[in-house]
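Protein sequence lines, in the order shown, are assigned to chains A and B. If you read the first sequence in our numbering, its first letter stands for residue 1, the second for the next number, and so on. If you read the second sequence in our numbering, its first letter stands for residue 1, the second for the next number, and so on.
Hints should not be assumed to be uniformly reliable.
Said to hold, decoys possible - Derived BS3-like pairs: lysine-lysine, alpha-carbon spacing no greater than 30 Å straight-line:
1) LYS291(B) - LYS143(A)
2) LYS291(B) - LYS136(A)
3) LYS44(A) - LYS156(B)
In case anyone wonders, no lab produced these hints; they're calculated from the structure.
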Amino acid sequence: MYKRQQSAADIAGSTLKYLILILAGAWMLLPFFWMFSASLMTSKEVAHLPPPLLPAQPQWHNYVDVTQVVPLGRAYVNSLLVTSLTVVGILFTSSLCGFAFAKYEFPGRDVLFLLILASMMIPFFVTLIPVFYIVKQLGWLNKLAGLILPSAVSAYGIFLMRQFMVDIPDELLDAARIDGAGEFRIYWQIIIPLSGPALATLGSFNFIGSWNAFLWPLLVIQSRELYTVPLALNSLRTYGMESQFHNLQMAGTAVSVIPALLMFVALQRYFVRGIALTGLKG
Amino acid sequence: MVEQLPKPTSTAVPDARPPSDRAWRRRLSQRTLWAYLFVSPAIIALLLFAIGPFLFTLWVSVHRWNLIEPVFQTPFVGLENYRYLMTRDEIFRRALRNTFVFAICGVGVNTVLGLMGAMLLNTRLRARIFWRTLFFLPIVTAPLALGMMWAILLNKHYGLVNTLLEFLSLPRQPFLSSPDQALACIIGIAVYQYVGYYIIIYLAGLQGIPQEYYDAAAVDGASRWQSFSHITLPLLRPVLLFIVVTNTIGALQVFDIVFAATTGLAGETSGGGPAGSTMVVVLHTYNTAFKFFRMGRGTAMGLVLFVIIFFITLVQLRLLQERT
């Protein structure tokens, strides 16, 4: 920046800048503020017209009461299981496949890569009905496997990993081969440790996508004991539309958003880079 | 796949220490086998859950099928499903229109708001990370959860937004309960949720513009507006295109927000209300297929939207190749 004298216009501009930021920031926080505030209110308070901004007395027991209405604890365990296995699956299949495309010559490679590019162009909802049928035929309906296995592969992930691994020097691989390392060992002990940033990008992305997934679990899972967090949230939503249930709904919502927020804070750098790179949504 | 491998060709990666010809070939073919092994989990999964189902979709869309009867004994109906959508399914046409309005308005507003936000966040700021995080919070939150929060905030009786309007001495609004305002509310929720995406991508683009350009322009006496319209905008063009394309594709598939904000309300079991004013294609597909078990029509709907998305995706893939 070139140096300028601080003029009155600069000060006004800077004040305006912070004013806009504060207003926009308040708008961004409003739903979260309301969620936490309402989650601590009594039924009477949330149903009051107009509703108070803050509870007179924080009702922490709402967070316990909500688990009586929907099996939120169970849903949490299910979601953590589904999300972590899906992410591990995606990281494994994508890195292994991306490695082969980046570092091996084999007949049919270009055709197979084209196949992957082609499947990147198929939006998930187009195949919703056939995938549902296939999962049904495989006997995975109303099972957590039906959530994990169809999601454990990502064409974008393969593409991303390949682009990243192409830049790893071939000399490293050759040196390992001279030392007698097998191909899988090269993948596991050389490629994977070097691919940390790409794996973190892909992983943080799919963690949030999988944690928040709703439409597919809505189709696959029927039993309450197999609910993921979004399904539990949805059943909480339809449990009572009247305003006196909003405190419990918001308590459930508050609990549900925490893991994704934590993941975001921990891996913000990678997450942001993933979006900037691919424009993918979580 | 593996057993009928052609002989490995000499295009393989040269070994650091060329062994005898025979050993060389054996090792290469071994390496080729490993490569096939490495790609097979992903390729099999993609064939089973993406490519295969896509071909299956094409097939189902020209048949009448209710998901329960054996799939290969269903009657072939030609383009009947498509004709039904285009001529008799008024909800579908409504949904298609709403989806387009949603995508164009949502993406349009955020393309502008996101750029403003990114430019603001790209200036000298105190606590920049704090401000940035504020805008990124909604994008990691489940659309379902945000839809629930906003449905309460926008309630015509006890919603906080109406309390706020009253406080500012503005008239109260019915928001999601009005056929005239509901779609605008859904767009508003989406704008709120996704503005952070646009900011992230714009920020990456802005940070790629060398500061020297602005310094040179300032030396030449360019105003702020001039350096924006002559430096920032032209250099952001590829980023802008990328943002519009990828987000339009995403917006055309909107489901969660509409589902969360419109289903389950009094008398609204299929969602998209009031009076179909927020019905979107994916929600209508969901209802057609999984409430009324019209798989043929459901897949046909998906394919109509796919054709639209396909052309947008072609542009996107080209952009992606340029960027990575």
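Hints, verified against the model:
| no. | hint | verdict |
| --- | --- | --- |
| 1 | LYS291(B) - LYS143(A) | holds (21 Å) |
| 2 | LYS291(B) - LYS136(A) | holds (17 Å) |
| 3 | LYS44(A) - LYS156(B) | holds (18 Å) |
Hint compliance for this structure: no hint is broken.
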